[in-house]
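Here the protein sequences come in this chain order: A and B.
Take the first sequence: its position 385, counting from 1, is numbered 385 in full-length UniProt numbering, and each next residue is one higher.
Take the second sequence: its position 252, counting from 1, is numbered 252 in full-length UniProt numbering, and each next residue is one higher.
None of these hints come from the bench; they were simulated from the model.
Small disclaimer: the values here were computed from a predicted structure and weren't measured.
Here a beta-carbon is modelled for each residue, glycine too, at the ideal position from N, C-alpha and C.
Heads up, some of the hints might be wrong.
Examples of chain B residues lying across from chain A (beta carbon under 10 Å, computed) [claimed, not checked]:
| no. | residue |
| --- | --- |
| 1 | Val169 |
| 2 | Gly181 |
| 3 | Leu192 |
| 4 | Thr308 |
| 5 | Gly309 |
| 6 | Glu312 |
| 7 | Asp437 |
| 8 | Gly455 |
| 9 | Met457 |
If you want the footprint, here are the derived chain B segments under chain A, 3+ residues with CB under 8 Å [what the hints assert, rightly or not]:
| no. | region |
| --- | --- |
| 10 | 4-18 |
| 11 | 237-248 |
Protein chains: 2
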Amino acid sequence: MDQFNQQQIGALSAFVEPDRFSTGQSNREMHTKDISPHQGKLPAGIIWPLTTEETSAILVYTYAQGIPVTPWGAGTSTEGNPLPVMGGLVMDMTRMDRIIAIRPADLQADVQPGVFRKTLNKNAARAGLFFPPDPGADATIGGMIANNASGVQTIKYGATKDYVMRLVVVLPDGRVIHTGGKAHKSSSGYDLTRLFVGSEGTLGVVTEATLKLTGIPVVHLAATVTFETLEAASKTVAVLMGSGLEPAALELLTPELIALMNREKSLGIEEKPSLFCEFHGISEAALKETADLAQELCRDGGAVTFKTGVTEKERRELWRARHEAWETIHRAFPGRETIIVDAAVPISDYPEMVVFSQRQLDEKKALGFVFGHAGDGNLHVVMVGDPSDEREWTALEEINDTIVHRAVELGGTCTGEHGIGIGKRKFMQLEHGEGYDLMKQIKSTIDPKGLMNPGKMFL
Amino acid sequence: MDQFNQQQIGALSAFVEPDRFSTGQSNREMHTKDISPHQGKLPAGIIWPLTTEETSAILVYTYAQGIPVTPWGAGTSTEGNPLPVMGGLVMDMTRMDRIIAIRPADLQADVQPGVFRKTLNKNAARAGLFFPPDPGADATIGGMIANNASGVQTIKYGATKDYVMRLVVVLPDGRVIHTGGKAHKSSSGYDLTRLFVGSEGTLGVVTEATLKLTGIPVVHLAATVTFETLEAASKTVAVLMGSGLEPAALELLTPELIALMNREKSLGIEEKPSLFCEFHGISEAALKETADLAQELCRDGGAVTFKTGVTEKERRELWRARHEAWETIHRAFPGRETIIVDAAVPISDYPEMVVFSQRQLDEKKALGFVFGHAGDGNLHVVMVGDPSDEREWTALEEINDTIVHRAVELGGTCTGEHGIGIGKRKFMQLEHGEGYDLMKQIKSTIDPKGLMNPGKMFL
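Kindly produce the complete structure, drawing on both the sequences and the hints.
Printed below as a string of structure tokens:
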């Protein structure tokens with residue numbers, strides 16, 4: 001749907017104040033690109049709701065009219081999740097950005113979906129609390145929920161799914177439902193909350209969420225550990241994960257990526273296969289004990305150096321550099337796009353996957369960087385190429401396919417944290433088999449007209 | 001459905017060996033009672049499948065024939081979840097009890113649904129691992145999944161839902177689907193695993209599960225803390241939960257319950273409002289530090305005594321006594337049945353709920369004992385009465401209703417861990433509103449004939 005007719009423009013305008021509905025060209029264009037290589041279709045218009053009631057009224061109308069609706073957050077998806085591929089209406093949730101309450105006594109926050117992750121954490125910090133899921137980007141909470149986002153601290157703290165307790169969701173036909181509750185435990189009925197978390201906006205629009213928060217750790221300690229081989233580094237990961245030391249981060253980096261980060265960010269880190277670790281504790285003494293044990297395990301695993309004692313400033317820079325790995329790669333090759341492998345496997349298979357993936361790059365002489373949330377078995381390969389160079393781009397796609405097929409064979413997934421969006425729909429049947437049919441059945445039950453974020457998740 | 005016809009008996013017998021299908025009276029009677037006050041209807045027969053393939057073949061047949069099917073585990077439900085209220089076929093999963101693999105390097109186990117929790121833990125212990133969810137009863141894994149079971153250590157380790165990574169499920173029509181995977185993280189498609197966890201067998205039969213395991217803590221320390229008032233005890237709970245000390249158990253007990261436990265179990269515990277705590281750590285030193293901090297916080301909260309240093313034997317007895325609280329109450333009043341309140345609320349509302357509930361008992365002069373998984377805001381009141389004494393039983397039901405209404409008003413739930421089953425169906429509309437309708441829609445999509453565990457969860 002490229003254009004609204006005059007009647008539709010009139011109706012949609014009536015739901016909101018004048019500055020919150022637009023059919024202007026620049027607004028429409030701004031909503032056709034996230035950070036993925038995918039390109040959305042120009043939507044017919046953008047609407048910015050402020051309340052659940054407005055959202056509901058708009059969806060009652062679009063449902064009756066058969067207008068496709070695509071919810072929009074920060075636009076930081078790496079898989080095209082918020083791109084309007086069928087035009088229609090983009091529902092931009094970023095003005096619905098109120099932190100309704102931070103309730104320290106319950107370790108909870110009630111927020112609207114347009115709140116940015118970093119904004120929530122800045123506010124929660126005043127109560128000594130934080131919302132742990134930490135994708136690199138400053139995503140909105142709504143986007144994180146839609147995508148079940150996670151990041152470097154997920155091995156200790158869990159993913160977004162582990163922090164969503166309650167949702168207000170407007171269904172495709174405008175019905176408003178409440179899922180879950182504010183109690184920490186429940187065995188009451190089907191887990192609708194978890195059905196919506198990770199559903200990528202294909203089942204409805206989240207207009208409010210109650211999130212679990214957790215105490216900011218009293219002390220933290222970062223360590224960089226180098227190894228002679230990538231295999232030794234990745235094998236040590238499983239040992240650390242089984243040790244009970246509960247690392248708060250356990251990241252694998254290849255020498256090639258560190259070299260690039262050193263060059264672009266002046267980091268001065270040794271360019272060897274490395275683990276970046278972090279540990280959180282209740283006291284310096286307890287943490288020292290943890291670090292000593294970790295060092296012993298790393299040495300047993302063949303570590304060459306185990307460096308702690310970095311200053312707080314250095315620690316922050318280290319993690320910022322890691323968080324910005326994708327941006328750093330992207331910026332280092334101007335005018336090129338990236339394909340990001342996001343496969344995840346059981347941790348015992350991680351060493352094989354790492355070596356397998358690096359070999360794919362080497363054999364095909366492709367430009368790419370291997371790293372990942374090793375403690376979760378989540379592997380990233382950021383491959384760089386030019387989508388208009390069909391031969392080159394197809395080769396990168398093939399590497400992605402090969403790695404995903406291997407991950408699924410090992411009982412893993414095509415996406416540990418980035419979601420399906422547009423680019424990974426082709427893997428759904430492979431990964432889920434008959435389960436994929438059940439997902440389609442559920443989609444049809446809740447969105448029989450197929451209007452909510454069409455063209456995502458399902459082929 | 002009271003009886004199978006000869007043709008049905010012939011068909012069902014053909015799916016399994018002779019000793020795995022029965023229409024005998026005693027077998028049928030044994031499958032009409034769990035530990036709840038509910039009474040099932042005599043099923044027409046019992047079948048014991050051994051494989052996914054058998055389960056599928058049986059369900060293809062029962063679906064075509066319109067035969068109700070009720071899956072059965074250990075029969076330890078407190079809410080009548082496995083009782084065949086419409087007769088038909090009981091599918092007893094207890095012979096499908098193979099631990100397929102314990103994979104220490106992945107911190108995972110693959111099991112069949114009939115494996116008992118304690119059996120799994122005995123086997124996992126050889127690899128230094130355990131499956132943390134710990135309802136008092138020795139439930140089957142299938143039952144725990146159906147019910148999203150949890151228990152005293154859930155505050156640190158989470159509920160069953162947090163440990164189920166992958167399921168093989170046979171749908172009501174016999175289709176076999178695989179959900180989830182063996183990777184620790186995934187953002188791939190709808191979370192079907194979580195849809196089945198807690199669905200109480202109303203959407204299909206689990207025939208295999210991959211479970212996350214975790215390392216057995218190196219050291220543990222129990223503490224019993226007494227207070228002058230129930231309110232002071234319950235207020236200290238929120239403080240401990242927000243402290244970052246991550247207690248592994250935090251249980252509230254009233255003097256009345258402790259008195260009963262002392263009498264029945266010769267425990268010799270001080271009969272005051274109490275918290276039973278446990279902490280897990282990586283070393284004695286770290287744990288000592290944790291205990292010192294906890295003691296300080298409890299003192300600030302008005303604790304009279306803070307007793308640690310109990311021997312390992314005493315520690316085990318303490319927790320066994322707590323685990324067996326319901327059995328102890330039940331046995332102390334022979335010939336009576338119990339109604340168990342299982343409401344859960346945000347932890348800041350827990351003190352109010354505790355006092356409110358005790359007051360309900362006092363005002364109505366009802367026989368009941370208040371306790372609970374305080375750290376999760378999960379409140380239990382075990383009320384004792386005679387279901388055939390209508391006045392008495394109705395009074396107990398009314399207390400349950402009053403407490404649940406208050407819990408839901410506070411954003412909580414009617415059931416923190418026991419499930420809906422038969423007895424709590426009446427609260428579903430109250431708690432979930434329009435979400436309840438969506439649950440019904442999902443049920444109809446997956447089980448259009450309403451044959452799977454009928455009469456549970458939905459009114």
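The hints, checked one at a time:
Interface hint at Val169/B: satisfied, since its Cβ lies 9 Å from the closest Cβ of chain A, which is below the 10 Å cut-off. A cut of 10 Å between beta carbons decides the hint on Gly181/B: the least distance to chain A is about 5 Å, and the hint holds. Taking 10 Å as the C-beta contact cut-off toward chain A, the hint placing Leu192/B at the interface holds, the least distance being around 6 Å. At its closest, the beta carbon of Thr308/B sits 17 Å from a beta carbon of chain A; the interface hint therefore is violated under the 10 Å criterion.
Residue-level restraint check for Gly309/B is violated (minimum Cβ-Cβ distance to chain A is 20 Å; threshold 10 Å). Because the smallest distance between the Cβ of Glu312/B and any Cβ of chain A comes to about 19 Å, over 10 Å, the interface hint for this residue is violated. Among the interface hints, the one on Asp437/B holds; its C-beta lies about 8 Å from the nearest C-beta in chain A, closer than the 10 Å criterion. At a threshold of 10 Å, the smallest CB-CB gap from Gly455/B to chain A is about 15 Å, leaving the interface hint violated.
Given hint, Met457/B at the interface with chain A, holds; its Cβ is 6 Å from that chain's nearest Cβ, closer than 10 Å. Proximity of the region 4-18 of chain B to chain A, defined as three or more residues with a beta carbon under 8 Å from a beta carbon of that chain, is not established by the 0 residues found. Chain A is given as covering the region 237-248 of chain B, and this holds because 6 residues of the stretch bring a CB closer than 8 Å to a CB of that chain, at least three being needed.
Against the hints set out earlier in the document, violations occur for numbers 4, 5, 6, 8 and 10.
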